Structures are given as C-alpha cells and as structure tokens.
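Trainee: As a plain string of letters, each chain reads:
Number of protein chains: 2
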Amino acid sequence: MSKNVPYRINLPEEYIPKQWYNIRADMKDKQPPLLNPSTLKPATLYDLTPVFCTELAKQELDDTTRYIDIPEPICEFYKMCRPSPLIRAYCLEKELGTPAKIYYKFEGNNTSGSHKLNSAIPQAYYAKAQGLKSLTTETGAGQWGTALSMACAYYDLPLTVYMVKGSYLQKPFRKNIIETFGAKIVPSPSDTTKVGRAILEKFPNTTGSLGCAISEAVETAVEGDNSRYVLGSVLNQVVLHQSIIGLEAKAALEMYDEYPDIVIGCAGGGSNIGGLIAPFMKDKIDGTKNPYFIAVEPASCPSLTRGKYAYDFCDTGKVTPLAKMYTLGCEFQPASNHAGGLRYHGMSPIISKLYHDGLIDEARGVEQTAIFKSAVQFARCEGILPAPESAHAIWATVEEALKCKETGEEKTILFGLTGTGYFDMTAYSSFLEQTMGDYIPTDEELEEAFKLLPQVE
Amino acid sequence: MSKNVPYRINLPEEYIPKQWYNIRADMKDKQPPLLNPSTLKPATLYDLTPVFCTELAKQELDDTTRYIDIPEPICEFYKMCRPSPLIRAYCLEKELGTPAKIYYKFEGNNTSGSHKLNSAIPQAYYAKAQGLKSLTTETGAGQWGTALSMACAYYDLPLTVYMVKGSYLQKPFRKNIIETFGAKIVPSPSDTTKVGRAILEKFPNTTGSLGCAISEAVETAVEGDNSRYVLGSVLNQVVLHQSIIGLEAKAALEMYDEYPDIVIGCAGGGSNIGGLIAPFMKDKIDGTKNPYFIAVEPASCPSLTRGKYAYDFCDTGKVTPLAKMYTLGCEFQPASNHAGGLRYHGMSPIISKLYHDGLIDEARGVEQTAIFKSAVQFARCEGILPAPESAHAIWATVEEALKCKETGEEKTILFGLTGTGYFDMTAYSSFLEQTMGDYIPTDEELEEAFKLLPQVE
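One line per chain: the protein sequences are W and E, in this order. Taking my numbering, the leading residue of the first sequence gets 109, the next gets one more, and so forth. Taking my numbering, the leading residue of the second sequence gets 109, the next gets one more, and so forth.
No lab work stands behind these hints: they were computed from the structure. Check the hints yourself; a few may be wrong.
If several chains are the same, the list does not tell them apart, and a pair holds so long as it fits within one copy or across any two.
What the hints assert, rightly or not - In silico SDA-like cross-links for lysine to any residue, where the CA-CA straight-line distance does not exceed 20 angstroms:
(1) Lys187 / Leu119
(2) Lys481 / Ala407
(3) Lys187 / Thr152
(4) Lys273 / Lys302
(5) Lys187 / Cys489
It should be emphasised that the depicted structure is a prediction, and the values quoted were computed from it without experimental measurement.
Given the sequences, and given the hints that come with them, work out the whole structure.
Mentor: Pasting the structure below:
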C-alpha cells in the first residue's frame with residue numbers, strides 16, 4: 109500500500125470540512141462545567157458574553173451538537189491555506205531505520221507559521237459579525253498573536269496583543285510581524301493594566317506567563333469600548349475549530365487505506381492535540397478503532413504529568429471562570445523555556461477529562477535539550493524547521509519509531525507538526541552552542557503552587 | 109472559467125517535471141559565450157572544472173540540449189516540497205477592484221523560504237556524486253545560503269557560506285538557521301581570503317556585495333581540498349534548474365485553460381525570472397503565443413534599466429570568467445537595500461540577452477519604500493508575508509492590475525512569489541516606522557563605475 113503514498117498528500121479544496129467536529133457531543137462522561145468564580149455555579153451565557161463574543165460563548169457551552177457548520181466566509185478564508193498537507197516522513201523513517209510508517213499533519217505553511225490560524229479566523233469573523241470595535245488577546249511564543257493579527261487585518265479589526273515578556277525578548281521579530289499586520293503588541297506583565305501592575309509588584313523579575321498575559325488581555329477587553337477577549341488555546345471553542353486538523357488528516361489517511369495505531373501531539377493549552385485527535389477519539393469512544401494517544405509536554409511545565417486534576421483559574425490574575433483541568437496552580441511561574449507556547453499552568457478541560465478517563469493513553473514530559481536534538485535531526489532530514497512546541501511531538505514519534513525498530517512492528521504513527529521555528533532561532537542557537545539548560549520543578553515547588561489552588565470541592 | 113479555479117492549485121507529485129528545460133536551445137540568436145579572462149577566448153570545460161562541479165560545468169556550456177533529464181534522487185527530493193502551489197490571488201484582485209486575473213507561483217513554502225532550493229539540491233547532488241569533500245558559496249539575503257545548507261545537510265556535505273555583511277548584520281537569524289543545517293557562515297568581505305582582505309583595504313566600511321562574496325567563496329574553493337564553488341543565481345545552470353518553476357506554472361494554468369498575458373518576475377541575478385518565464389518564452393520564440401514579460405529590479409541597483417550590456421566579471425574580485433550581461437560594473441557598490449538578494453552588479457547572461465533582443469519586453473526599477481508598501485498590502489490581504497525581493501514582482505503586478513481596472517481589460521497576470529520575508533523583519537520594521545530611505549545612484553556614479561569595465565570589444 110504505502111508504495112503509492114506520495115511524500116505530501118495535498119487534498120483539493122473540496123475536502124476542507126464544512127463543519128467542525130465537537131468531540132464533547134460524543135464524550136459519554138461529560139467534562140465538568142466552567143464555574144463562575146463568585147458563585148461557584150456553572151457559568152452561563154450571561155456570565156461569558158461580557159468577555160467573549162456571543163457566538164463563541166455559545167460554542168464554549170455547547171456539549172451536545174456533534175457537528176457545527178463553518179460559516180461560508182470562514183470556509184473561503186480556509187481555502188487560502190487549507191487543506192494543509194499530510195506528509196509521509198519517508199526521510200525520517202529512513203534515517204531512523206524504522207519499519208514504522210510515520211505521517212505528520214503540517215500546519216506551518218501559512219504566514220502565522222502554525223495551526224493557530226484555524227481558530228483565529230473564526231474568532232475574528234464572529235467578532236466582526238457581532239459588530240465589535242476591537243479585540244484583545246495574549247500570546248506565548250507569538251504564533252497565536254501572529255495568527256490573530258493576520259485574521260484581524262483580513263477583517264479590519266483593531267487588535268491588542270499581550271505577549272509573554274520572556275518570549276517577547278527572545279523573539280523581537282514577532283513584534284515586527286504582528287505590527288506588519290497592523291496590531292498593537294505589549295510585553296506582559298505590563299503597567300498598562302491593574303493586574304499587570306499587581307503581578308509586577310509581586311514578581312518584579314518575572315518573564316511572564318500565558319496565565320498572566322491572559323489576565324491583562326481580559327482586563328483590557330472588559331474595560332474597552334465594545335471590545336472582547338479572544339484566546340488561542342485551552343477553551344472548548346478552540347479545540348472545536350482545531351478539529352479541522354484531525355478531520356483533514358483522517359480523510360487524507362483514508363484515501364490511502366491508512367489508520368494510525370498511535371497519534372501524538374504536543375500539549376500546552378491543548379488545542380492542537382485536541383483538534384488532531386478529535387475524529388480518531390470518536391472512533392475510540394464508538395469502539396470501532398483503538399488508536400493509542402500520546403500527549404507530550406515540557407518537563408519544565410508538566411501540567412498533565414505532574415499537575416492536579418482540579419478546578420482552577422485559567423489565568424494568573426484570577427479574573428476568568430474556573431475550569432476543571434490538569435493544573436500546576438494558576439500562580440505557578442514556569443521556568444524560562446523556549447517552547448513559549450507550552451508554558452501554561454493548565455490544560456484544555458477537554459484534554460484533561462480525556463486524559464483523566466484514560467482515553468488519552470499517555471502523557472510524557474520532556475526536557476528542552478532533548479526536544480531540540482529531535483528538532484535538528486528532523487530539520488536536517490525532512491527539510492522543515494520545526495517550532496520547539498512541535499518538536500515535542502517529533503521527540504515522542506522518534507521514541508515510538510525506534511521501539512518499532514526493536515520489535516519489528518510496522519505501526520502507523522501520526523503526529524501533529526503544528527508549526528515552524530523561523531522565529532525561534534535564538535533557541536536553536538543556544539542549543540547548538542550548548543548554552544541551553546533544562547529546568548524541572550521540584551516536588552516541593554509544585555506542592556507550594558498547589559496550595560494556592562482555589563478550594564472548590 | 110475562473111469560477112472553477114481554486115485558491116491554490118496543488119498539482120500531484122506526478123506533475124513534477126522529469127526534465128529541466130534549457131531555454132538556450134531555443135534562442136535563435138545565442139548569447140555570447142563566457143570568456144576566459146586571461147585569454148579572452150571562450151571558456152572551455154577545462155577552464156571551468158577547477159571551480160565548478162564537472163556536471164554543472166557541462167550544463168553551463170550546453171546551449172543545444174533542449175531538455176535535460178533530472179536525476180532520480182533529485183526528483184525524490186523535489187517531492188518533499190514540489191510541485192509548489194500556483195495561487196489565484198482572489199483577495200488581491202478584490203482589494204484592487206481589478207478585472208485582471210492574478211496568479212502567483214509561490215516558491216516560499218519550504219524551510220529555505222524561497223525558490224533557491226530548486227537549484228541547491230541538484231548542485232549538492234552533483235557535488236556528492238563527483239566525490240567532492242566540501243562546497244563553498246556566497247549568499248546575499250541569505251535565502252541561497254539557507255537552501256544550500258539544507259541541501260548539503262541532506263547529502264552530508266560540508267559547506268562554507270560567505271554572506272554579504274550588510275545582510276548578515278540585518279538578519280542575525282540567518283546565521284542560526286544556516287548553522288542549524290550544519291554549515292559554516294562567514295560575513296563578507298572577511299579577512300579569511302586574499303580578495304576579502306584587499307576589498308576591506310580599499311573599502312574599509314563596505315557592507316559587502318554579492319560580487320565580493322562570490323570572489324571569496326571562489327578563492328576558498330579553489331584553494332581547498334577537493335572542494336568546488338557553487339552559485340545560487342546568474343549562471344546558466346541555475347536558470348536551467350529553475351525552469352521547474354515555469355514548467356509547473358504552465359502545467360497548472362493549462363489545467364484551467366489559462367495562459368498569461370503578462371509574466372512578471374523580480375530580477376537580481378536573474379534565476380527566478382529566468383526559470384519562471386522559460387517555457388512561456390519558448391512559446392514566444394516559436395510564435396505560438398505572445399506573453400508580455402516584465403523584469404523588476406531595485407532602483408538602487410539598476411543593472412537592466414541603467415546598466416551597460418557588456419562583458420564583465422561576475423564578481424568584484426575579478427576571479428571569475430567574463431560574461432556578457434547587463435552590468436553596473438563589477439566594482440559597483442550598491443547602496444544598502446533590504447532586498448539583499450537583488451544587490452548584484454550584473455544579471456544572468458540569458459536574461460540579459462533576452463532583454464537585449466526585446467524578448468523580455470520591459471524592465472522596471474523601483475524604490476524600496478514603494479516595494480514595502482506593496483509587500484504590506486499583499487501580506488494583509490493574501491495572508492503571505494513576502495520577501496522584499498518577491499515584493500518587486502508584487503509591485504509591478506499591482507501596477508498592471510490597476511491599469512486593467514482603468515481599461516476594463518481582463519488580462520491574466522502571472523508573477524513569481526519567490527519567497528517569504530520571515531527573516532526580513534528588520535526591514536519591514538524600518539518601513540513601518542518610516543525610517544526606511546531610498547537611494548538611487550546618480551548618472552555620474554554609474555559613469556564612474558562603467559569606466560572600470562574590462563575592455564573586451
């Protein structure tokens with residue numbers, strides 16, 4: 109079979125899904141609801157709409173509609189960059205000498221450089237359709253900020269991006285590209301918000317975190333004129349939009365009678381892995397197939413592998429609803445890690461629930477030096493420079509492929525190559541010059557952070 | 109017809125050409141030969157092979173073989189990134205309100221970020237096949253250096269890249285990416301070569317030029333152990349390899365019964381425009397079609413629009429053969445211009461001859477501030493951040509499309525989008541902050557430079 113598989117499977121544009129797939133509709137045991145932090149009651153549409161666009165808030169709460177129509181203008185935009193290619197990693201297979209068949213869904217071939225555009229476009233579209241005057245958001249590595257600035261340029265919507273200061277300093281050109289698309293960018297924590305000022309007072313030397321940047325963006329949106337906050341990961345709506353990754357990957361594999369034995373994704377907020385695995389998870393829940401799912405996260409920010417499954421704030425400033433998720437505590441300050449997109453204290457509630465229920469089979473935490481070793485190996489043989497976030501999935505893929513080499517099993521492995529590393533050259537450089545370190549929080553540090561979890565149950 | 113044209117035409121891998129097309133075979137009036145600078149006799153294989161790989165030197169001299177087989181391993185590599193998409197610029201058309209149909213062949217969706225990989229792979233392949241121990245090259249903007257470092261990593265060949273110092277300083281991350289692929293990079297002029305030291309003595313503050321970097325790379329290759337020099341543009345062999353761009357573009361257009369009325373390319377060394385127009389030029393020479401060809405170059409380095417058609421050295425250090433081409437004189441030091449890939453004193457002898465004979469209809473020189481205006485407009489509506497070099501072609505496309513708007517003509521315009529601008533953010537930033545200037549050499553400056561042309565005829 110595989111002899112006929114091309115290097116790159118490029119589906120024609122008719123194959124762009126017309127509907128997103130909502131995995132929650134098929135989860136037999138639903139995830140616990142978001143809670144209003146003042147009342148500890150399930151968050152309602154009324155609670156969410158001051159912060160979120162109304163249509164997106166509806167999607168956030170919807171756990172029954174299996175397929176949700178993608179509005180026609182969004183489909184039109186998707187045609188500019190989708191379907192994304194599903195690539196057979198022939199060169200990596202050869203390099204590893206593995207009998208495994210490795211496929212990756214490559215989401216980096218658009219100017220945002222990642223899968224983030226899949227959700228940026230619908231979020232900007234719904235904001236425009238609602239007549240909003242501006243949006244705010246946060247960005248870690250800068251991929252989401254870039255994607256949303258592209259989407260807002262397309263729909264002519266003003267945007268302010270709070271970028272995690274550590275990443276902002278490591279990646280000066282992210283500022284320039286976001287400004288090229290007409291958005292405003294602020295390093296976070298900043299003195300432009302109450303919550304930013306409070307965090308700076310408590311941790312004057314912090315390089316920031318996603319949780320902190322979220323707080324600042326939410327505050328700015330709520331206090332703005334007909335403005336709303338949008339988020340690039342974690343939320344149910346984002347996992348919904350990202351299902352387009354898995355739907356396309358599945359269609360492309362089916363075209364060659366392939367089905368993955370193992371599906372691997374990197375996990376920061378969880379939107380990429382959530383979108384990638386969604387349609388395969390449906391098969392697992394339905395009992396028609398039994399793929400093995402692996403989530404890979406940085407050992408420096410190990411929410412799935414060492415966090416608690418508990419209600420917590422989605423942000424450091426404690427202005428968001430409470431979500432039940434794997435978390436390190438919303439005040440956990442992750443060590444400097446170049447995979448800025450994975451420096452988040454929590455995890456998508458969907459991914460958390462699936463992992464808690466054993467439907468995601470395994471989570472692995474890995475040090476960044478190991479990640480970059482895989483990244484450089486992959487770049488040199490596959491000719492694509494991966495984002496450090498994506499390289500987490502490459503690392504686990506290499507591990508699994510080498511296991512197949514030992515056992516002789518011809519497993520089919522699918523992983524998500526979420527983005528490119530063009531803006532991560534400082535990190536590549538520190539890896540090559542062997543100045544890159546690893547940092548793993550101690551049990552004591554995590555216990556301290558857990559003490560600050562809100563007492564909900 | 110156009111209603112059925114998708115946003116992106118992705119041909120399946122069977123459509124990757126199996127042969128390169130050699131436009132010289134069809135030129136009725138052949139271009140004058142390369143000359144050995146000591147004898148002023150036509151350069152022979154014997155003259156070229158100390159510097160170039162033997163197979164590439166043969167291609168350099170071949171003006172009779174119309175189609176040249178692409179070796180199977182090169183075809184295999186091409187499958188990793190080709191066919192490149194031909195994109196219908198629906199959003200740009202709408203933005204401009206033009207009845208013109210605009211297509212662009214996008215060569216930037218590979219990690220090198222440009223079309224340069226098309227020639228890097230065959231050049232590294234032939235070097236490896238010949239048993240060479242290392243290669244040297246120059247790079248301007250860094251696209252060629254990146255492409256060749258990828259190719260050399262793939263074939264496990266050591267590589268030294270001389271990078272024009274101005275670009276090296278503007279784009280520090282180019283160094284990192286080239287090193288990620290295992291190559292060595294040296295800012296040029298450097299004190300590592302005799303010619304570099306001589307140039308530094310004469311122009312201590314120079315930010316370098318392609319011509320100067322070429323001299324250093326050639327010197328290093330010739331003095332190395334079983335090493336050769338390779339070049340990313342200008343040469344006939346490179347235009348030959350780049351014909352794959354035009355062949356694929358033509359096949360994709362034919363699939364939708366389209367044929368371009370106008371074909372536009374940016375012109376620095378000439379390889380991209382040469383490759384793009386080659387199969388369409390064949391039709392023009394054969395008399396079956398009459399497309400209008402436009403070459404666009406920076407006003408700061410105006411070889412076609414203000415240069416002389418004369419024999420000149422290909423490099424500043426005067427170590428290469430003499431080529432008859434449009435040139436500003438090999439000692440011309442172009443002003444700092446962010447489109448580093450277009451800062452070359454000369455022009456492909458093929459393009460020069462076609463332009464001289466009126467087969468390329470028009471050349472336009474344009475200021476960089478105008479270029480960046482087009483680049484930002486394009487990025488915001490088409491969602492692709494163009495390289496400054498590529499933006500020269502966008503600029504002329506916009507001009508032509510607006511003419512169509514005035515006249516109501518539904519012309520079909522094809523342009524080459526050679527690469528992405530991820531490594532050009534400093535330039536974008538200086539444009540957005542309005543600190544970017546324009547520089548156009550005076551007639552007197554050019555006259556001075558012309559005085560130093562070698563006296564051949």
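Trainee: Which hint numbers does the structure go against, in order from smallest to largest?
Mentor: 3
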